[in-house]
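Novice: Build out the structure end to end from the sequences listed, making use of the hints.
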Amino acid sequence: MSNPATEAPTQDVEPVQTHKVTKPKRHVNGKFVIGAVMLSLIILFAILGPMITQFDPRDSDNPVLIPPDATHWLGTTSLGYDMFSQLATGARTSLMVGVVAGLIAVVLSIMFGVVAGYVGGVTDEVLTLIIGVMLVIPGLPLTIVISSLVPGRSGLLVAVILGITGWAGAAVVLRSQAQSLRNRDYVSASRIAGENPFRVIGVEILPNLLPLLTGQFLFGVIFAILGEAGLSYLGLGPTGSISWGTILNEAQAGGALTRGAWWWFVPPGLMVALVGCSLALINFAIDEVINPKLRSAPLEARRLRKAKKERRAEKKAAKVELKKEAAS
Amino acid sequence: MRYVGRRLVIYAVTLWAAISLNFFLPRMLPGDPASILIAKMSRNGDVTEAQLESIRRLFGNPEASLWQQYLDYWEQLFSGDLGTSVSFYPTPVTELIGSALPWSIGLVGVATIISFTIGIGAGMFTGWKRGTWVDHVVPSTTLLQSLPYFWVAMVLIYFFSVQNQWFPIIGGYNVFMFNGPEWSWEFVGSVLYHAILPAITIVISSVGGWLLGMRNMMVSTMGEDYVTTAEAKGLKKRRIMTTYAARNAMLPSIAGFGVALGFVVGGFVVMETVFSYPGIGKLMITAVRANDYALMQGVFLVITLTVLVAMFITDMIYGLIDPRARQNV
Amino acid sequence: MIRTMGRKRVVAAASMVAGLSLIVAGCSDSEGGDDEMSADPTTSADSTAGAAAGEGVATDRELVVWAGAQTPLNQTFNPFVPEVQHLALGGVYESLFYYNKAGSGEPLPLLGESFEWNADGTQLTITIREGVTWNDGEAFTTDDVIYAFTNDIAAPDYIASAEATDDTTVILSFDEPQYTNELSLLGLTWMIPEHVWANLDEDPLSFPNIEPVGTGPYTIASISDANYTGVANPDYWGGEPNLTNVRYIGIDGNQSAEDLLRTGQIDWVGMFVPEPQGMEDAGLGYINTPQDPTVLYTCSNADLGCEGDQTDVAVRQALNLAIDRSAIKDKAFVGLTGTASPTFALLGRDDQWISPDVSAESPQSPEIEEAQAILEEAGYTADADGFYGKDGEAIEMSLTSVDGWTDYNNAAQLIQEQAAEAGIKVTASTVSWNEFADGRTNGDFELIMGGVIGTSVPDPFQIYKDWFGGDATTPAGTALEPGDWNFSRYSNETVDEQIQVAASTIDEATKIAAYATIQEEITRDLPYIPIVINATQTFYNQTDYTGWPTEDNLYAFPPAWASGGAGVVLSNLGGTE
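Protein chains in written order, with the working numbering: chain A, 567 to 894; chain B, 35 to 363; chain C, 2 to 578.
Keep in mind the hints are simulated off the structure, nothing from the lab. Hints should not be assumed to be uniformly reliable.
Pairs of lysine-lysine, DSS-like flavour, derived with a Cα cap of 27 Å [as the list claims (entries may be wrong)]:
(1) Lys889/A / Lys163/B
(2) Lys271/B / Lys163/B
(3) Lys267/B / Lys163/B
(4) Lys890/A / Lys163/B
(5) Lys875/A / Lys885/A
(6) Lys597/A / Lys270/B
(7) Lys270/B / Lys882/A
(8) Lys890/A / Lys875/A
(9) Lys872/A / Lys597/A
(10) Lys597/A / Lys267/B
The structure displayed is predicted, hence computed values, not measured ones.
Specialist: Quick look at the structure:
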């Protein structure tokens, strides 16, 4: 997954041009396919999982702490809850938190970043300042403070908190992108023609930023899922609902590791990592769209090496030929 | 110098805003912290006039106007007074933070630098080796990066401290041997030894980000004309890789260093709790769990300040390395 | 892990045995047959000493203790602040007597030698131990005792006067009978040196007191935010303890503590471990002493402002019957708990106080039909989903427990499930400790999974007075006074009357009669719904140390966190060999 921190100042990145572009020939990206398949499977698991399983995630009438077997595909917890069913129900909550927080973060980063970059002037100064403040204030500690002050947190509330604390990094990137787009001919033209700035942003700027926004949304999702897990570990996660974070919290409180119940502790952590991994792979592909060099350069290098090899082989062959001639 | 001046102004304003937010945050949320605190303290016996006074200084006299409270808050900050902790009554917040801060800065600072170095190095290498099998290994680093910090920490402890007792389970130093910090080689050794697992946790969870960012920049830079020119001139490969490509590719990573600290900070709060590490993150959780507002605000302020300073320093370094930044404020 | 492993001092073991405790006396040597036992404590001739100077041999292998403190430690040994570090109470400061919560014997004399009540309970005559010195060399006198009972900081307001009649006798006088405060007067009032505390320059409440002057078996050697150490007091009146060095450390979570215990890095801890067998296999000693009832607090009294369906006694009764206590015991508490009595008397220890007219045990398996019958009789009807309600509104109650208290969290989830089976909707969730503490003191809750503090003496009176008494509560919305525990806002005139009766007598028959009435009321009203008697697990290193409290010789309440017991246990320990 690309870290927005390292991505933030890559201002020279070429924006995609939906206008008058010669589209490169369609090429299926392997990383994208793997990422998309993984993600679909996880989403499918979240949707279908609770339906497939015959167990209620909060049904304690099962034997406790049994390892995975034919009945309990992922074993049971110390209370006899079926892990598969817990994991599937948790997937819904965790993905919901991720998506909601990711959307909020993207909307906020557009509101601040794009507007600041496009409008410029005093508006820019003020918005940049707000972005700067949010950037300086570390997200998770802020979330912890807010969460600790709000009793009875639902999953949705946790998502909102994570969303409003985690957008600043993306806003910085968007601002610089919007700044550079602002000076493109076609944007300047609409601006000078006196079009409504919001219309310009909506019609001219945002479509150009779409790949970037998608990337940032994906990052926002995984940031929120990780954040939710961290909050839950500290006991500040959503109350009353099952998420991967709360399963992990219960597993560590129940001493899952020391009791050898790996099936209780490993799967939720792995699921978080797999979601992150799949999103990151998709993001990889998006990065290559945003910055075509990422794609062309390795291909180029490969081509070059191949060519060199061939040339060497030719030379070698020529030498052998020469030697042969000399020998004869 | 204009560059430095301008940045300073921006940072000063950011600082002002962050501190103000710190002031308003507890006041925006439901419940009046001062009354909650007084109610809480009166449960443990009578609240003395001196204690009431300190609460009033901390949260402002509830009867005073918000503006007056705000002014008082600033006055207090300037005199270096962050109030008194309730959960560690009567220890001043500054003292608690003072003893915790070096631990966090040491651990997180060193671990982040290690992670940065490894990430940049590996990123440089993988970027250079573009178009080879290495390209297929790079995406797998994202899996490591997506693991929750505490999960990694707990797995590490389980395997390396419990199953195999190679590393300590808790603490910033050997709490079974030393009666508090002291200046001796043994102690320094113990501190380093105890920092290994927490540092590895940070490195595992953050190295992927650096690696990826660097690799992508490296790949882009390798396509630039000046690199091609250098190649055409027949310069040594190593020289092209380090001096021409990597140096320029690194710029964004350096600029992102300060921002990245913000993310690392979030992780270390959780990580320090797992390792019972005596740092600022641990202190923050303690404050949160005890509703110790003064301590919470103090820790929060210090974390914010630290990130701010780190960003400022990287900003300055960036300005030195990349002259364009000085023009293009 | 590097460890300070001191060379063991070889001291003639017999000379180390200075005395024995009243409770130890008569108990056979629990380690019977262990030839490393150098001397049988019961052979000691020194009958004046109250506390034993330990079993085993002198050792300076450092004993590492976790008493539940988290880092950073609060660096205070001030006995008047709630955050005082454990070793201070019992280890450095001593009370006049030690009341063993785990046994039903007489209190163990510490700084007191004997005490006597007058006929109407308004005067308590205490004889104090002679020849005791503070660890700064000053003599411990009746002035110190009087100071401890009359200082401005902690003196109870029911003491009318405290006077010394001679060098070893102090008489406390009260306006009303105070039998029931015997424990807090003799067992929980810490003797502090007047010459230190009377002349403090600062507010005694904010005095960190990092070099405490006490009479106990240990003195404090160091403290940091991660640990503190104690060394044996060579001039201890009971003889220098065999165990020379003790270290208390701060640990942030049970998981870390369990890991440290398993890897042999801590020697004494009281904590919940779901699989104690594993610890025993690792060579650790283990004892479980269930003491404190785990209950559902219900905010029961609508007259005092409680809100929610649990204010209806029928709902509480039905819930009480719907709970499957044996399942909770097995799953949430892994079978380690004791059986709860709705009378709040500790079964086994307090049996004599239980009225024959009430059931001594709470139902162990669910009685769903009876539960539903109660609800139906009270006018509730089941809806389509089987949930009961009245006037179209289903019963719905929130049940909270403190996040991280795994056993409680689990029990709450099981109760949610079990209640649903009987048609009662309960929603379990976890809250932070603060929300829990605020909720219960302010009466702002419906159901809370919580604990009741078991009594330190074999008599449930303290629970009746502090938890059920109308004097010990306030209307919802107002915080309870310190020392009051009636979170349920229960207020019943009959109960209050009988508490008064029981308070002013030491006649057993009168008390039994009063308790019978109280028990009849509270087992019907159920302001606290008893669940189990919670496990109290203690793990200790029996390889290197001997003299621990065991099933056979329960001379003190064993967990490391138990306030006041530390001194008694530590001074009873010694090294093996």
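Novice: Given the hinted pair lysine 872/A and lysine 597/A, is their Cα-Cα distance within 27 Å?
Specialist: Holds - the C-alpha atoms of lysine 597/A and lysine 872/A are around 23 Å apart, at most 27 Å.
Novice: Keeping to a limit of 27 Å between CA atoms, is the pair of lysine 597/A and lysine 270/B held or broken?
Specialist: Cα-Cα ~33 Å, so violated.
Novice: If you draw a straight line from the CA of lysine 890/A to the CA of lysine 163/B, is it 27 Å or shorter?
Specialist: It is violated: about 37 Å lies between the C-alpha atoms, which goes past 27 Å.
Novice: Below or equal to 27 Å on CA atoms is what counts here, so check lysine 889/A against lysine 163/B.
Specialist: violated (35 Å)
Novice: Below or equal to 27 Å on CA atoms is what counts here, so check lysine 267/B against lysine 163/B.
Specialist: Answer holds: lysine 267/B to lysine 163/B is near 20 Å, not above 27 Å.
Novice: For the pair we were handed, lysine 271/B and lysine 163/B, check the Cα-Cα distance against 27 Å.
Specialist: OK: lysine 271/B and lysine 163/B at ~12 Å, within 27 Å.
Novice: Are lysine 270/B and lysine 882/A close enough, with their CA atoms no more than 27 Å apart?
Specialist: holds (24 Å)
Novice: Need the status of pair lysine 875/A, lysine 885/A: alpha-carbon distance at most 27 Å?
Specialist: holds (15 Å)
Novice: Given the hinted pair lysine 597/A and lysine 267/B, is their alpha-carbon gap at most 27 Å?
Specialist: violated (36 Å)
Novice: Taking only the CA atoms, is the gap from lysine 890/A to lysine 875/A under or equal to 27 Å?
Specialist: Holds: lysine 890/A and lysine 875/A sit about 22 Å apart, inside 27 Å.
Consistency with the previously given hints fails for numbers 1, 4, 6, 10, ordered from lowest to highest.
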